[in-house]
Each structure stands twice: as structure tokens, then as C-alpha cells.
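Working from the sequences, and respecting the hints, build out all of it.
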Amino acid sequence: MRIDQLLVSASRGDAVTQSAFEIRSVLRRLGPSDIYARYFEPGLIGDVRALEEYDRRPGADARRDVLCYHAAIGEPEVASFLAARPERLAVVYHNISPGHMFREYQPRLADLLDLGRQELRELAGRVEIALAPSRYNASELEEMGFKDVRVVPLVIDRMRLHGVEPHAPTAHHLTTAVKGPVALFVGQLLPHKRPDFLVEAFHMLVTYLVPEAHLILAGAGPLREYRRSLQHYINELNLSTLWLAGRVTEAELAAFFRRADVFVTASEHEGVCVPLVEAMSFDVPTVARAFSAIPETLEDGGLLLPPDDDPALMAEAMAVVMTEPDVRAALVERGRRRLAAFDAEDARAGYVKHLGDLR
Amino acid sequence: MTDEPDLSLVPDVAELVEDLKRRVAERRRTGDYPTELITELRAHFERVRRHRPVTDLEYLAAQLDALDALGWFSADKIVLDSPRPGARTAHSLVARAVARQTHGILDQVQLFGDAVREALRTVLAALEEPRGHVHDDLLGQLETLHDEVAELRRGPDDATGALASVRARLEAVEAAIAGGRFPSPFERRHLEALRTTADDDRLRALAREFEPTAPVLDIGGAESFASALKEVGVEVLSVEADQAVAHLLTLSGAGLGGVALVVGAEGLSVQEVATIVSLSFDKVRPGGRVVVGTTPLHPAYLRLLFEEAGFAGVEVRADAAGPERAVLVAVR
Numbered sequence: 003m004r005i006d007q008l009l010v011s012a013s014r015g016d017a018v019t020q021s022a023f024e025i026r027s028v029l030r031r032l033g034p035s036d037i038y039a040r041y042f043e044p045g046l047i048g049d050v051r052a053l054e055e056y057d058r059r060p061g062a063d064a065r066r067d068v069l070c071y072h073a074a075i076g077e078p079e080v081a082s083f084l085a086a087r088p089e090r091l092a093v094v095y096h097n098i099s100p101g102h103m104f105r106e107y108q109p110r111l112a113d114l115l116d117l118g119r120q121e122l123r124e125l126a127g128r129v130e131i132a133l134a135p136s137r138y139n140a141s142e143l144e145e146m147g148f149k150d151v152r153v154v155p156l157v158i159d160r161m162r163l164h165g166v167e168p169h170a171p172t173a174h175h176l177t178t179a180v181k182g183p184v185a186l187f188v189g190q191l192l193p194h195k196r197p198d199f200l201v202e203a204f205h206m207l208v209t210y211l212v213p214e215a216h217l218i219l220a221g222a223g224p225l226r227e228y229r230r231s232l233q234h235y236i237n238e239l240n241l242s243t244l245w246l247a248g249r250v251t252e253a254e255l256a257a258f259f260r261r262a263d264v265f266v267t268a269s270e271h272e273g274v275c276v277p278l279v280e281a282m283s284f285d286v287p288t289v290a291r292a293f294s295a296i297p298e299t300l301e302d303g304g305l306l307l308p309p310d311d312d313p314a315l316m317a318e319a320m321a322v323v324m325t326e327p328d329v330r331a332a333l334v335e336r337g338r339r340r341l342a343a344f345d346a347e348d349a350r351a352g353y354v355k356h357l358g359d360l361r
Numbered sequence: 377m378t379d380e381p382d383l384s385l386v387p388d389v390a391e392l393v394e395d396l397k398r399r400v401a402e403r404r405r406t407g408d409y410p411t412e413l414i415t416e417l418r419a420h421f422e423r424v425r426r427h428r429p430v431t432d433l434e435y436l437a438a439q440l441d442a443l444d445a446l447g448w449f450s451a452d453k454i455v456l457d458s459p460r461p462g463a464r465t466a467h468s469l470v471a472r473a474v475a476r477q478t479h480g481i482l483d484q485v486q487l488f489g490d491a492v493r494e495a496l497r498t499v500l501a502a503l504e505e506p507r508g509h510v511h512d513d514l515l516g517q518l519e520t521l522h523d524e525v526a527e528l529r530r531g532p533d534d535a536t537g538a539l540a541s542v543r544a545r546l547e548a549v550e551a552a553i554a555g556g557r558f559p560s561p562f563e564r565r566h567l568e569a570l571r572t573t574a575d576d577d578r579l580r581a582l583a584r585e586f587e588p589t590a591p592v593l594d595i596g597g598a599e600s601f602a603s604a605l606k607e608v609g610v611e612v613l614s615v616e617a618d619q620a621v622a623h624l625l626t627l628s629g630a631g632l633g634g635v636a637l638v639v640g641a642e643g644l645s646v647q648e649v650a651t652i653v654s655l656s657f658d659k660v661r662p663g664g665r666v667v668v669g670t671t672p673l674h675p676a677y678l679r680l681l682f683e684e685a686g687f688a689g690v691e692v693r694a695d696a697a698g699p700e701r702a703v704l705v706a707v708r
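Those sequence lines, one after another, are chains A and B. Sequential numbering of the first sequence, starting at 3, is according to my numbering. Sequential numbering of the second sequence, starting at 377, is according to my numbering.
It should be emphasised that the hints constitute simulated quantities derived from the structure, not laboratory data. Remember, it's a predicted structure, so these values are computed and weren't measured experimentally. Cβ atoms here follow ideal geometry from the backbone N, Cα and C, with glycine treated the same way. Do not take every clue at face value.
Just the calculated beta-carbon pair ranges, DEER-fashion [said to hold, decoys possible]:
1. A:R110 with B:T498: 21 to 29 Å
2. B:S603 with A:G248: 45 to 53 Å
3. B:E434 with A:S242: 34 to 42 Å
Partial selection, computed: residues in chain A whose CB lies under 10 Å from chain B [what the hints assert, rightly or not]:
4. V201
5. S231
6. L232
7. E238
8. N240
9. L305
10. L306
11. P313
12. A317
13. R336
Calculated from the model, a selection of chain B residues having no Cβ within reach of chain A, i.e. all distances over 12 Å [said to hold, decoys possible]:
14. R464
15. A475
16. T478
17. Q486
18. L487
19. R493
20. A495
21. A501
22. A502
23. D618
24. H623
25. G631
26. E642
27. V707
If you want it as C-alpha cells, here you go:
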């Protein structure tokens, strides 16, 4: 019996692909296992197989084999493929961003996101086990009609960036040219992550509370018009200490985390928020808003603000962490304690247990 | 002794959040935060976003293709099935009885649908015509310029340093000339004299823009332009650039004949220029003029601001100072 995985697309650095690699290392403890994808970057040839090769997998046994689908976006071709498969199906649900927040900028992408949820609903009756990396994702799966839904923490290598040498020029710049406390956000510049909310909060922070503060927003901006609007907004507010760093390397990210005084996110939709865990691993206190899976990721390991729409509260939270050493030290300690919950080996064991049940 | 921090300092995160809320409420109560700050920030971001329309023509074409794929209206597509006994026969009889009318309605709907589809195809073709993309390209170019201006404004120290460096090199060249090491007709004092003469002519030309209107509020307060205005007989009120917004706010009604940003307004921020444009519309009487000869903004962006403020006649012309510069004249 084989347990293989299927992705719509695979690329290096992509969180879903990374998760599939982690799960494959677990599945290979149980038996043969490969990753198949409809689209994948050339660098992954040999590591990831094309969808068309699935029927030629070694030792195929359609009645017993399991195909584990990673759901993160819609793709009609993959949905038709899955619908026609005789193998047993499992799903890992990474969550699908809300299409309506993208429609204004990229209607085709918004269609695919909406389609992803629709396709998942249609698959519900055929899936034997649905795995969700958070209770938030699990509740969405149940709402879609999945019966056997299990929460399995994502395999997060919480010390991953600690083994990366910080990018020397970035580290030098951050220690010599950047004076004053630094707030850091890591994530794509997308509407549901609300970087505009962080800009508002930062405007209030430097205007009224901590004038020497800096904010770094590190992450790609795949929606060109949205990213440009944000840059324009920042320019017009004359926020000269707000840095849109764009897509960054792991070495640059390591330099940012080492310099940051506080990690902030205003995101309103996260299936799991890995950068919060990475921040805690660097002893960086965290500030976030209680939306989607963020409360269960953070618990009391950081400063969790209510899911309201007041950037003044976010500004006040950044200020208190930046200027009150006792509060900062206590939040760092809370982060350390929370970090212990993210054990990669425990998470791997979870996948072995749940996918092993299908044998 | 232990190095571990005392967690009791933050006994409860929820309690800390409540404390933060109290601090925010107190700042609002005492007026530290302007009442409408967040509303204004959001409205501003909304304006920025609205100026970036996204037209995905491929998506539009795909939607039209999907419309084509729906095919014809047809009576055959009307479902006559029914779970109730005999109902299908009844539906078939009714359908046959009104077949002529049904076909008549469907033909009309089909004609209308075809016409709408054809009109949409024509619209798409017009949009796909390269000339139809000018607006998007222009926004991109404006943004690049705007970003460059913002970069320059962020680095005054570097700009000053660069100027000092150029000046030092020029002085070294002049010293070499004075030392008789090589002759040059391009001495700085000659260039300065030429520039001054050219500037005077330019300022007089700009002052004449206001000839039918007065008084003119001269933002920047440079003596040179005030003199040029007086020379052409225009009453002038001068105000320093950093006092301009505050001064405009004190004026009641539309009593000004014009507003000038010609000399000395270079240091205004983008936001200040935008505010001055907006206030000028309120404070300048109909027929009055606003003349802009120097701001940190690209003329095309400036034109956008004036048009948004409501100015009817906005014109950008070449400046007498040279083809690389522009002057904007807006009529209230």
C-alpha cells in the first residue's frame, strides 16, 4: 500500500510544498510515498512528479492506495482528476484565502480561490480523513461537510532560521543605520493580511508615541496594484522609517528577526501563522489581532489584541513593548513557554498516527 | 536570585489589553489624537487605491467566451419533467399550445442578447486598442516620478552633500582658471548673471498670469516674485511656505484673486501641496487663478490634484526657464 500526496503547484520556499516534503519524510516510514503536482518549478524535477505519472506509480494498488490532497487553491483539472480516482482520499487543508478580498485586484485569482472551496465541498463525501493544522481550519472543513476531521499541528521547524547565517550587509545596515526600536512584520503584502492597518498604526506610533520607531514589512507583494497603492500611501504619509523590504531571502529574514524589538501582524485570515512562531524562537515579543487561527497559534505567548478595527490600540501595544522593558521581558518569557508547544517531532508523530489509521 | 523575568508584571495579557484600551481612550479624551484621524487616513488610502484601476482584459475576454459558450435560447432547454403523475403530459400540451408565443419571446431575447454581446465585444476591442492603455501607463510613470521625488525628499543630507561636492569641484576649476592654468569662458559669475536675468524675465511672465485678478497670496514670500507682481500692478500678500496652510485656513470666504507657488515653495511636503490646492479652491473667487512654478510634485500629478479639487481650466505649459520645467495655471 502506498500513501502519495497531490499538490496543485509545488515550488521551493512555498509553505504548502514544504509541508508536503515534511509529511513525505513521515510517510516513508510507513511505506513508499511520492509527491505529485499539476504544476511545479523545474528545480523540483526528480523530487516532485507530474500528475500524469500517478497512474504509473510503482506497486500501484487502486483499492488500497491512499492519495492525500493538499488543498490551498482551486484548479479544475486537479478537481476532475481527484473526482475520477478510485483510490482512497485524504485531505490536508491549509486553508484558502477569501476570494472577495482579491477580486478588486485579480479577479481570476479570486475565482480560483472561490473555486477551491467549492471543489473541496464536492470532495467531502469521498474523503476518508481530513487533516487540519488548526482548529480554525478544522471547523471550516466540518462546515463544508467533511466527517472525519482531525487537527494535526503543522510540522514547523521552529529553529530553522537559527541555522541561517544572517545576511551581513543587512545586519550591518540594521545595526548601524537604523536607530530606534524596530517593529517587524513577515508575510505577503495581501489585502487580508492588512498591511494598510499596520501603516495606520505605525503612522500613529511615530507621530504621537515613539517618533524614532521603525517598521519593516518583509514579504512579496504579488498583487502589483495593491502593493503600489500601499507604497504610494506610505510615501504620502511621509513615513520615512517604514521599509517595504519586498521578497527577502532566509539570510535577510534571519537578520531582521535578530534586530526586531517587536513582531506585529494585523492579519485577518491565517490558517496557521508561522512567522509568529519564528518570532518567538528569536525572543521577539509578538503583537497580533485575534482573527482566524491566530489566537490558537499565539494563546498567551504574546499580546493578543481584540479583533476590532482600531489602529490606535495596535500603536499603543507597539509602544508599550518598545518602551517598557518589564512588559517586554515578560512577553519574551511567555513566548518562550508557548514555543515549547511547537515540537516538530510531535507533529510528525501526529501524521504517522492519523495517516497510519488508513492502513 | 533568578534571571527569569517576573511574569506577574504582565499577570494577564487580557488585563494588559484593557490597560492599553484605557490609555487609548484617555488620549482621545484629552485630544492627543485628532477626532477624525482614522477616518481621514482610511479615506486617503481609499483615494490612493481608487486611482489605480485594474483592467484585466484577458479576464473580460474569458467571461465573454463563457457567455458565447452558453449558446442559443431554445424552447428545447425548457424542462417539462415533473414528479407528479400526468404533469409532464400537461406541461407538453401547454408548451405546444403556446409554442408560437414562446418562440417569439425567445427570438426577441436572443436578438437582444446578441446585440449586447456584440456591444461588449466592441468595448473589449476598444479597450485592447493600445491607445486605450494610456491612463494605466501614465499612472505607472507618475508613480515612478513620485517615488523618486519622495526618495529625494527623504535624503536632503545627501542632496546637500552632492551640491557641496559639485560646488567644491567648480571652485577648484575656477581656481585653476584664476591661476592661469587654462582659460574658460564659463566662469560661475557669468553663469550666475545669465541665470539672474533669465529668472527675472520668467518671474515677470508668471506675474502677468495674475493681471486681471487681485489680491494674490504669494506662498513662499520671496521678494523677487513679490516685486514682479507689483511691477505688473498686482496687489500681493506674502506668506512663508510653512505658514501657508494655517494662513489659508484663517481666510473667510473666497476673497482671493489668486494664489502663487512660484518661488520658495520647494520645501512644502506633498501633503501640504495637496491641502493648499484644496483650500485654494475655497479661498479663490471664481475666475481667479492659481499658478504653480515650483513644487515637489510632478506636473501631471499636480494637474490631477487640481482637477480633483474642482478647478475647471487646468493647463500645464512649458516654463520660460527651460523645456525641462513646467508651469501649471489653474482657473477657479
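Hint by hint, here is what the structure shows:
1. Evaluation of the 21 to 29 Å hint for R110 (chain A) and T498 (chain B) yields a pass: the beta carbon distance comes to about 23 Å.
2. Between S603 (chain B) and G248 (chain A) the beta carbons are some 50 Å apart, a value that agrees with the proposed interval 45 to 53 Å.
3. Under the hint 34 to 42 Å, the C-beta atoms of E434 (chain B) and S242 (chain A), about 38 Å apart, fit the expected range.
4. Among the interface hints, the one on V201 (chain A) holds; its C-beta lies about 8 Å from the nearest C-beta in chain B, closer than the 10 Å criterion.
5. Evaluation of the S231 (chain A) hint against chain B yields a held restraint, the C-beta minimum of about 5 Å falling below 10 Å.
6. Checking L232 (chain A) against chain B: minimum C-beta separation of about 8 Å stays under 10 Å; hint holds.
7. Of the supplied interface hints, the one on E238 (chain A) holds, with its beta-carbon coming within about 6 Å of a beta-carbon of chain B, less than 10 Å.
8. Interface hint status for N240 (chain A): upheld, as the beta-carbon distance to the closest one in chain B is roughly 6 Å, under 10 Å.
9. Look at L305 (chain A): its Cβ gets to within about 6 Å of chain B, closer than 10 Å, so that hint holds up.
10. Restraint check, L306 (chain A) versus chain B: the minimum CB separation of about 6 Å is within 10 Å; hint holds.
11. Because the smallest distance between the Cβ of P313 (chain A) and any Cβ of chain B comes to about 6 Å, under 10 Å, the interface hint for this residue holds.
12. With 10 Å as the threshold, the beta carbon of A317 (chain A) comes within range of chain B, its nearest partner Cβ sitting at about 8 Å, so the hint holds.
13. Of the supplied interface hints, the one on R336 (chain A) holds, with its beta-carbon coming within about 7 Å of a beta-carbon of chain B, less than 10 Å.
14. The beta carbon of R464 (chain B) sits about 30 Å from the closest Cβ of chain A, which is more than 12 Å, so the claim that it is off the interface holds.
15. Against chain A, the non-interface label of A475 (chain B) holds: every CB pair exceeds 12 Å, the least being about 37 Å.
16. Remark: the non-interface label on T478 (chain B) is consistent with the geometry, its nearest Cβ contact in chain A lying 33 Å away (cut-off 12 Å).
17. For Q486 (chain B), the shortest C-beta to C-beta distance to chain A comes to about 27 Å, beyond the 12 Å cut-off, and the non-interface label holds.
18. Residue placement check: L487 (chain B) keeps its beta carbon more than 12 Å from all beta carbons of chain A (closest about 29 Å).
19. Its beta-carbon lying about 20 Å from the closest one in chain A, R493 (chain B) satisfies the requirement of being farther than 12 Å from that chain.
20. Chain A leaves A495 (chain B) outside its interface by the beta-carbon criterion, the shortest separation being 21 Å against a cut-off of 12 Å.
21. Annotated as non-interface, A501 (chain B) keeps its C-beta farther than 12 Å from every C-beta of chain A; the closest such distance is 20 Å.
22. Non-interface call for A502 (chain B) relative to chain A: holds, since the shortest CB-CB distance, roughly 20 Å, exceeds 12 Å.
23. Once the 12 Å rule is applied to beta carbons, D618 (chain B) is consistent with being away from chain A; the minimum gap is 15 Å.
24. No Cβ of chain A comes within 12 Å of the Cβ of H623 (chain B); the nearest lies about 21 Å off, and the non-interface call holds.
25. The Cβ of G631 (chain B) sits about 30 Å from the closest Cβ of chain A, beyond the 12 Å cut-off, so the non-interface label holds.
26. Look at E642 (chain B): its CB is around 16 Å from the nearest CB on chain A, clear of 12 Å, so calling it non-interface holds up.
27. No Cβ of chain A comes within 12 Å of the Cβ of V707 (chain B); the nearest lies about 26 Å off, and the non-interface call holds.
Every hint from the earlier list agrees with this structure, and none is contradicted.
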